[in-house]
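K.L.:
Chains as they are written, first to last, in the working numbering: chain A, 176 to 426; chain B, 176 to 426; chain C, 176 to 426; chain D, 176 to 426.
Hints are not guaranteed to be accurate.
You can't tell identical chains apart in this list, so a pair holds if it fits in one copy or across any two.
[Stated by the list, open to error] Below, simulated DSBU-like cross-link-like pairs (lysine-lysine); rule was C-alpha separation at most 35 angstroms, straight line:
| hint | residue 1 | residue 2 |
| --- | --- | --- |
| 1 | LYS201 | LYS215 |
| 2 | LYS279 | LYS201 |
| 3 | LYS311 | LYS201 |
| 4 | LYS215 | LYS279 |
| 5 | LYS177 | LYS201 |
| 6 | LYS379 | LYS313 |
| 7 | LYS177 | LYS279 |
| 8 | LYS279 | LYS379 |
| 9 | LYS201 | LYS313 |
| 10 | LYS215 | LYS379 |
Because the hints were derived from the structure by calculation, they are not lab data.
4 protein chains.
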Amino acid sequence: MKVTLLTHSPEPERAVVAAALLCYQKGSPEEAWRRAGNEKLRTRLFEELVRQGHGSTLEHPSFTFGIEGISRACSHQLVRHRLASYNQQSQRYVDVGDPDYFVKPDSLADDGGRFEEVVGATVSYYRAMIEQFAEKGKKGEQAQEDSRYIIPNAGKTNLIWTTNLRNLLHVAHVRMCSRAQWEIRQMLHECRRVMEGPFPLIAKYMVVKCHPLSMGYCDEEFRSCRFRPLREDVVPSDENCPPGPGYREEV
Amino acid sequence: MKVTLLTHSPEPERAVVAAALLCYQKGSPEEAWRRAGNEKLRTRLFEELVRQGHGSTLEHPSFTFGIEGISRACSHQLVRHRLASYNQQSQRYVDVGDPDYFVKPDSLADDGGRFEEVVGATVSYYRAMIEQFAEKGKKGEQAQEDSRYIIPNAGKTNLIWTTNLRNLLHVAHVRMCSRAQWEIRQMLHECRRVMEGPFPLIAKYMVVKCHPLSMGYCDEEFRSCRFRPLREDVVPSDENCPPGPGYREEV
Amino acid sequence: MKVTLLTHSPEPERAVVAAALLCYQKGSPEEAWRRAGNEKLRTRLFEELVRQGHGSTLEHPSFTFGIEGISRACSHQLVRHRLASYNQQSQRYVDVGDPDYFVKPDSLADDGGRFEEVVGATVSYYRAMIEQFAEKGKKGEQAQEDSRYIIPNAGKTNLIWTTNLRNLLHVAHVRMCSRAQWEIRQMLHECRRVMEGPFPLIAKYMVVKCHPLSMGYCDEEFRSCRFRPLREDVVPSDENCPPGPGYREEV
Amino acid sequence: MKVTLLTHSPEPERAVVAAALLCYQKGSPEEAWRRAGNEKLRTRLFEELVRQGHGSTLEHPSFTFGIEGISRACSHQLVRHRLASYNQQSQRYVDVGDPDYFVKPDSLADDGGRFEEVVGATVSYYRAMIEQFAEKGKKGEQAQEDSRYIIPNAGKTNLIWTTNLRNLLHVAHVRMCSRAQWEIRQMLHECRRVMEGPFPLIAKYMVVKCHPLSMGYCDEEFRSCRFRPLREDVVPSDENCPPGPGYREEV
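Just chain A, with the same shape it has in the complex (with noise of 0.2 angstroms):
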């Protein structure tokens, strides 16, 4: 697996502190963009505006990142989250027989080879068959396509992701959680260590959910893995409490 950054937003904190700005002031979209120019003031409200949870300021800047040969079942997972882009190889147009050309998670490795040998025989198929359409006089498009149903989970793929940073957060508070698949976990890591370099400050927040910068604490319940406290061990269960407090009462 190899994660790139690819291209981003030439300035994502000071896109983030703008748009609050903006809300704040009389002065014209120009000016709050001028204001958040301050590196101080930006350094202070950006980590205020993600601990508040001011989703919409956070979701102006953006990220493209470039993600290497993560197994089809990885990438299953990541398409599910839907506020984002995505384009991904396609087993149409790109010839996937390829035996070197797949992810053998390391829980395996232990099977006397035979995850490698398996993999082979798909392979095989899959390139008798792309013969047999080439015989027929069909080429490309459909005898791929139809050729890799063969193709296991396994099966490498790339992808180019652009998410804004709300998401990127959400994606990393649900998929850095022991309960993710090591895959895109791993991923998830990936993409945390380079934004590390050019954004430490958003790379500080892309954390496990039931991290002390995040949700800070764990609602798995039962099925919890205890790296941080239980939802019950922090939060005062009072269930009498009305839904909230009275919509009049200021008035």
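For chain A, the structure is supplied; the task is to place chains B, C and D on it using the hints.
P.N.:
Structure of chains B, C and D alone, referenced to chain A:
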């Protein structure tokens, strides 16, 4: 303001639970649907899914509310929740020049009737402009859509709002907060009230985010109304903890 | 593959038409709902709204389909439509090592039974790994989620898919195209078939984008299957025309 | 009204084309990015992707506009486009009692100055209420957010609007139409104007939906302004044609 439940998914909790069961069983969608017909199982799982934040399952049922007579100030806030569907009374097609068609905040009660006077002046101007357009042979759309520039934020509007359950709970969490404006808070309390009869189990979870049945603490920091504990009161602060449990540790 | 309509908004066309009527009248949402009860009016307006592309009104009703026994290759395509809700049979929680649980494309029929052989080898490997995990005292989740890396794209899956009407028509427009893969096209044809009985007026508009009841021409250019005219055949080319009618001209 | 481009993806067309190339090649995301650096290839493919409606690729680049001095009537329309991000000047935090801070439609010019008089009355009331709140010891938020109920739709506002390219073109297609209100049409023309310098290839496609570079005909039926041909003028009507080409025919 009047809120009604115009229509809704026939069996909302069942749809949620069937969707969850489908994930964990080999059986068909129809079998999951059948199993979710068991009331005891359904009730237990439904609450578990809400509590554990398994949001995807909550998206299957939806609710269509009729919202009548809220101000345009309030509707402008409501439509900012983008994961829902709206249709709103049009100030292009509907004549809104009616002095009774305004929301006056209670906090302005003690103004010697000036609110009504000023609103009356805006309505007179509106009426005069509609007439002037008519004299120029312009009726209907443009006459109304330009004349309405004088209509105050207080002008009433009607909406039909369809939201799935995931978003409905989210909107309750943020708009039942004392930080939200009184009118939209009232609206959410009304939505909750019309849900209580047919769907008590859902109404139960339509609470402000700091409620023990939602996030359980307040993240508004220095702006908190102190209805419930602050984040810093409950979440153990330990910023040195790693971003998440190691992704290879279970291998 | 088996598609069923598990549940749906009780009166879909009525919800669409009530939402539209609400925009154009002073009356309450309940009055709009009542007026939309008139069948003749409802039918006429419903078709007008679909034809004129007034998409916001089409979002109010939703449909929950049970999709049984499509391949993971197909489900990966389906879940890319992000304005809808999905729950899918989990390869973490469900044992998928069953040689009968695979989709074999018709185009691979003439392979002397090799597909079944290779699939059989993958299933054997899956079974062996599950056993090895069990010997190490690891059961359930990780055993299954890692062993399934060997399972081919052809592996069957079940989903519960909830979509509003706007998105349902959109998915039909793009996935009933000959450019879509045969399996997802078949799935959409099946969805259309189960809609025909209860909702013939909706099924009528579940057509490929080049159909006269949708966009009406093909924009796939050199990739077109020529089922219907190309864009260049019908749209008058006049690139010198201004970007739009002047925005002040009606003043 | 003043529209500026505050910030944007550094190389928007390149991001689009790299995302498309990634789908069709075996190479890495970085290689796709590198190949998209070729200007000739990039320009040709970019236009092809827009023309063929391959929308997913258009989502990668985004643009952050500063919108200054539009009316709240206009902003209410803009924020209805939900696949974008907004922050708006708050009438809770910002004092909007300024008689110069209003948009007067040209069509109301001939009113003998009554617009300004009525607006003046609303501002006086606003100021008086702010003062009354202050006397009761209430300042700031509630004072402003309730007093503003009297502020007309014409009241100016500022926004920061971030949209990806797919949505930007969509909003142009529907809001540059003569059926849209003059103010939001003007806003889109201004957005187009600020794009023309840095991104002429994108501005080229910011056109009304009936333009030959978009859908190419008008679907507004009897409401059409006849700027371009009607749907019925160009699309061959053949309602007996099947819903789509057969999904098995290529097998």
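K.L.:
All the hints need checking, so say for each whether the structure fits it.
P.N.:
Hints and how they fare:
1. Taking the closest pair of Cα atoms, LYS201 and LYS215 come within 35 angstroms of each other only inside a single copy of the chain (22 angstroms); across copies the shortest separation is 45 angstroms, beyond that limit.
2. In this assembly of identical chains, LYS279 and LYS201 lie within 35 angstroms of each other by CA distance solely across copies; the values are 19 angstroms between and 57 angstroms within a copy.
3. In this homomeric assembly, LYS311 and LYS201 come within 35 angstroms of each other (Cα to Cα) only across copies, at 25 angstroms, whereas the closest approach inside a single copy is 70 angstroms.
4. In this homomeric assembly, LYS215 and LYS279 never come within 35 angstroms of each other (Cα to Cα): the closest approach is 47 angstroms inside a single copy and 40 angstroms across copies.
5. Taking the shortest Cα distances, LYS177 and LYS201 sit within 35 angstroms of each other only across copies (15 angstroms), while inside one copy they are farther apart (46 angstroms).
6. Within a single copy, LYS379 and LYS313 get their C-alpha atoms only as close as 52 angstroms, which misses the 35 angstroms cut-off; across copies the closest is 34 angstroms, which meets it.
7. In this homomeric assembly, LYS177 and LYS279 come within 35 angstroms of each other (Cα to Cα) both inside a single copy, at 15 angstroms, and across copies, at 33 angstroms.
8. In the homo-oligomer, the alpha carbons of LYS279 and LYS379 lie at most 35 angstroms apart inside one protomer (30 angstroms), although the nearest pairing across protomers, at 46 angstroms, exceeds that limit.
9. In this homomeric assembly, LYS201 and LYS313 come within 35 angstroms of each other (Cα to Cα) only across copies, at 21 angstroms, whereas the closest approach inside a single copy is 65 angstroms.
10. For a Cα distance limit of 35 angstroms, the shortest separation of LYS215 from LYS379 inside one copy, 17 angstroms, qualifies, whereas the shortest one across copies, 40 angstroms, does not.
When held up to the earlier numbered hints, the structure conflicts with hint 4 and nothing else.
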